[in-house]
Amino acid sequence: MNTSLKVSAPQGEKLTLDQIPCFLPAKVIAVQAEADLTQRMAALGLREQCVVQVLRHASFGGPVQVRVGTTEIIMRLKDARQIHLASL
Amino acid sequence: MKTIALIGMPNTGKSTLLNRLTGAHAKVGNWPGLTVSLLSARLMVGDQMAQLIDLPGIYDLNGYSEDEKVVTTYLETQHPDLIVFMMNATQTDRQLNLLSQISAKGIPVVIAMNMSDEAKTLGITIHAEALQAQLGIPVCLMSAKYGQGAEKLQQRMREGLKRGQVSNLNPQQIELAFQDNVQVPAQASHKLTERIDKIMLHPWLGLPIFFGVMLLLFEGVFAIGKPLQDAMNWLFATLRSEALEPLLSGLPSLLQGLLLDGFYNGISTVASFVPLIILFFLFLGVVEDTGYLSRAAFLMDALMAKFGMDGRSFVMLLMGFGCNVPALLGTRVIRSKGLRYLTMLTIPFSLCSARLQVFVLFIAAMFTTEQAPWVLFSLYLMSILMAMLTSMLFKKQYVNVDAFVLEIPPYRFPTFKQMVLKGWQEVRHFLKRTTRFIMLGVLLIWLLTHFPQSATPGSMDTWAGQLSHWMSPLLAPLGINEQLTLALVFGFVAKEVVIGALAVIYGQDGQGLIDAIVQNMDWISAYSFMLFALIYTPCVSTIATIRQETKSWPFTVLSVAWPLCLAWLVSFAFYQTATWLRLG
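Protein chains in written order, with our numbering: chain Y, 1 to 88; chain B, 1001 to 1584.
Bound conformation, chain B alone:
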């Protein structure tokens, strides 16, 4: 089978073209270099099947970035039969150097001049036929987003594969050909973008608008996502009580427990994330594809640079307050590995909505209505503080090697289809990669909390209970008793499980559970517990996502161990100081 490689600068629309030609639905985004791993898809070119490979966007074939190494290595080792060189038709001059580097590789090239619609709006004239004749390389004007010129490109690819002709041009010849055949007016700028930016990037208004946009995004995802998530949970619970439980009632109770509390709970845990991930990427897609994300980087950089991060990290941290999982997936827009890892290390400190449920219960139990908002606020503050502290401490280890020089694309409007595809793609990716890991975590907790068989499930007599007992010397100095420790073990599955676990442990629910909490601890212990629950290990889905995204066990272990140590230190410091001051 012939192979065709898609090469071009970031933000030229390679992924959009791949989607357009193959329907493989690769990720698309209006952010320089979004395409992550090597996406490929099969495509009929004329009468033969070819494999189309989307390489990461690069600026220079002799460059220093990881993406540039990926492309060089690919070309040297894989020897594709044809290169489709994607160009942004509105900015041809600065892409010619890369074009001459590519054409010197001795591989047939086809030039796809994308965004020809935008070029036309800007008053740029391109004489494609004459350019093709002068270069001796097939040239095709197109718009990958709207599909114009896609068929012509297929035809050019067919010709390119058939002829297998390599054009030997020096950089001067290439430059001359473009000078002769591409006319750019002296004042070519995106007028609408300029007008919008005057407001969106205004020195005083820019930041308030940014926070407004973020709030809207956040509200959008969670105001719609939370009921959907609840509905998904209800669906799985109903399916369980109405169909699965009666169906499995004949089985021995242990097997029943394994299937329902182990496997089925694992599946429903994974499923509960689906609505949130789809929505998150739908909304993030708008922010990204419109070009606002790079503007957010512009607005927030002054602050974030101090912590070794940039504005994009901030957007993801903020999204983490809803749910850490999609926020971690979203860090893919950051191309520098160091910066991306640093951001991923800080996201689990974001006080997600699952932890919020636990805190609301504890705060309602232990504090007055006047105190409650301040207590919650202090936890949010701690959450941000811990993220910043972590970033400060680790910024030397995870250095952002990529210079902060970013292209600001003009505002564009993503098509609805693009956005839905993106949301769906992310979910598919998440389900495929993380299900096994999450299932394993849920099963492990089921095993720990249901064995030995003689013990009441979830009680202190189970293995998990014994584990809590052994850990008590470690957690007692934090004012966290054995029952709460056991709840924290449960919390590993998902933070909101802590409440359910406490209900089982204390044998109470609703008001009874609140009373039990009040009887069993003072406010200092409760706050210390909340601090610990806020900071300690991320939930199993978050860990699975970190593992999936980094493919690095050492980093995954660090992302579990570091918060655990930090949680201990913070709770210890708080509990000991507060008790010493006799605040209780």
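Just chain Y, same shape as in the assembly:
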């Protein structure tokens, strides 16, 4: 969707929110979604430099539930794929 926006992740790391194991805290290094989605995520606390943790995945490839600070959010995997992470 947003391949034009290339923000390079730190070397050797290509981690996105849909891939990291549950309960492993990680730092958001880039949100490469469309403007409105990026804005919505930021308003829910999901922005660069924040620490995020995946709580669980829904069955059958459903959404992922994540925690940022004291807020819990659900999003589809295709949207989670836009969030690039670095391990802490």
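No wet-lab data here; the hints were simulated from the structure.
Bear in mind that the values here come from a model prediction, so they are computed numbers and not experimental data.
Treat the hints with caution; some may be incorrect.
Listed below are several chain B residues computed to face chain Y (Cβ distance under 7 Å; list not exhaustive) [what the hints assert, rightly or not]:
# : residue
1 : GLU1066
2 : THR1090
3 : ALA1188
4 : VAL1405
5 : GLU1407
6 : ILE1408
Calculated pairs, SDA-like style, for lysine to any residue (alpha carbon to alpha carbon, straight line, at most 25 Å) [to be verified]:
#  : chain 1 : residue 1 : chain 2 : residue 2
7  : B       : LYS1395   : B       : TRP1553
8  : Y       : LYS27     : B       : ASP1180
9  : Y       : LYS78     : B       : VAL1399
10 : B       : LYS1226   : B       : ASP1261
11 : Y       : LYS27     : Y       : LEU15
12 : B       : LYS1198   : B       : VAL1213
13 : B       : LYS1306   : Y       : ASP36
14 : B       : LYS1198   : Y       : GLN19
15 : B       : LYS1152   : B       : GLY1023
16 : B       : LYS1306   : Y       : HIS57
17 : Y       : LYS27     : B       : GLY1123
Think of the CB as a built atom: it goes at the ideal place given N, C-alpha and C, for glycine as much as any other residue.
Starting from the known structure of chain Y, arrange chain B on it as the hints suggest.
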């Protein structure tokens, strides 16, 4: 009169606060952005009357959603005298951006930090006085749900209105002030919610529990609602036979018919929905306010996304199996217009309890006891299939523009008062908006089935009978005869009326009616008729609700025309294929 606008992110408790302060009983819900149209109420602030306006929950003042446009437009055009900025005290950090956008508008602001009780439980410390001093903006800690701090807020509002002082702060100053005065422990999470979610959102158990909860909800609404609805019908019938009929017996029969079969039936049709709507919202209120509805969206999304919908649509579709009307009202929890319209288009296909009565009679007449459950099951299957087909076909027209990124609130327990208020509010809304439309529909059918005066009411000689006669070339290829067509015309008022109409048309009831049905058609015609009755136009109350909720005639027309076309196609395909295969 001064105006005070309530602004905040979804799920911060703005509606609850409005209810708390004004007793206007605005809708409350534990779902991001439930408040729909602009609710407002009058309130005494100090010695002057002010109007408090509840704006939709928004994430960003420069956002793209419809709600965000509503708020921006409101602020630009209405210039309120004061803004009460509602914050969820447990999640202050992510609301600061919105706060700085609001404070840059040049309007005095009061900050209400709601859910301070929850913040305390989480170990969050807020130094309100120091925060207020540093920001230069009045700050008030409160709990809108339980009422703590409400008086203090009123006092702050009074001061805010009086001073009319605007605080010019840049985002960094705001952030610094909150950093200095709000301490969040490193591990702040809702322990109880975590424990409950481990079970409720379990990869294997989650879905079975969800279906169990839905079944319980459904059973709850209809096991209690159906007898209440019957009681309401009995009440209206008794009132009619014992009081109104003797009272009006002196009037000419035509006027009597108009008053009793026209107006009075219209009123009783509307009234029969009241118990169901109250109960539905009472139960839905629990699901919503506890925070389970957003979890249902999580559980069902994998399946529903394929049809352009999400888990919330599924909950409403399921509720439609009881009665389409409250399910349509319930779609208000969906904030995206496209998704909401798509859901509303599919709900009328849900085989509601009124249609079930008709099918039970036909199935009992035409099929053996062994076949009966399977026939009924096939109709339920068709109902779901039609909803999914419609969704697939229209998902390009009604695109869900809102991203599926939802907040999952911690589990909360709604107060009984909140729930009852909500049920009552919905009923009031329904009565106010739909009564006229339903009355009109009922009157129209009365007119069609009682004129010309020379004809026996409800017979084939009436205008409705003639209409059926004209329509017969259209419905004959479906195996639906003129008498059944006339019954379908009646069914427009309410689907269960079809049985009563058939009784009038065939001049039989009870076993006599069943015999008449058996004599007049084979099973293929009967099944084709049932398919048609399942899919064709929604009943007048459903149409009235769609019109009320969308305020769009084109959409209302579509929601009538599309099922009618689909019903014809499906029945035609079934009847022609079955006859061709000589299954009869």
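Hints, verified against the model:
{"no.": "1", "hint": "GLU1066", "in the structure": "violated (12 Å)"}
{"no.": "2", "hint": "THR1090", "in the structure": "holds (5 Å)"}
{"no.": "3", "hint": "ALA1188", "in the structure": "holds (5 Å)"}
{"no.": "4", "hint": "VAL1405", "in the structure": "holds (5 Å)"}
{"no.": "5", "hint": "GLU1407", "in the structure": "holds (6 Å)"}
{"no.": "6", "hint": "ILE1408", "in the structure": "holds (4 Å)"}
{"no.": "7", "hint": "LYS1395(B) x TRP1553(B)", "in the structure": "holds (20 Å)"}
{"no.": "8", "hint": "LYS27(Y) x ASP1180(B)", "in the structure": "holds (24 Å)"}
{"no.": "9", "hint": "LYS78(Y) x VAL1399(B)", "in the structure": "holds (17 Å)"}
{"no.": "10", "hint": "LYS1226(B) x ASP1261(B)", "in the structure": "holds (23 Å)"}
{"no.": "11", "hint": "LYS27(Y) x LEU15(Y)", "in the structure": "holds (10 Å)"}
{"no.": "12", "hint": "LYS1198(B) x VAL1213(B)", "in the structure": "holds (16 Å)"}
{"no.": "13", "hint": "LYS1306(B) x ASP36(Y)", "in the structure": "holds (22 Å)"}
{"no.": "14", "hint": "LYS1198(B) x GLN19(Y)", "in the structure": "holds (21 Å)"}
{"no.": "15", "hint": "LYS1152(B) x GLY1023(B)", "in the structure": "holds (17 Å)"}
{"no.": "16", "hint": "LYS1306(B) x HIS57(Y)", "in the structure": "holds (18 Å)"}
{"no.": "17", "hint": "LYS27(Y) x GLY1123(B)", "in the structure": "holds (24 Å)"}
Of the numbered hints listed earlier, the single one contradicted by the structure is hint 1.
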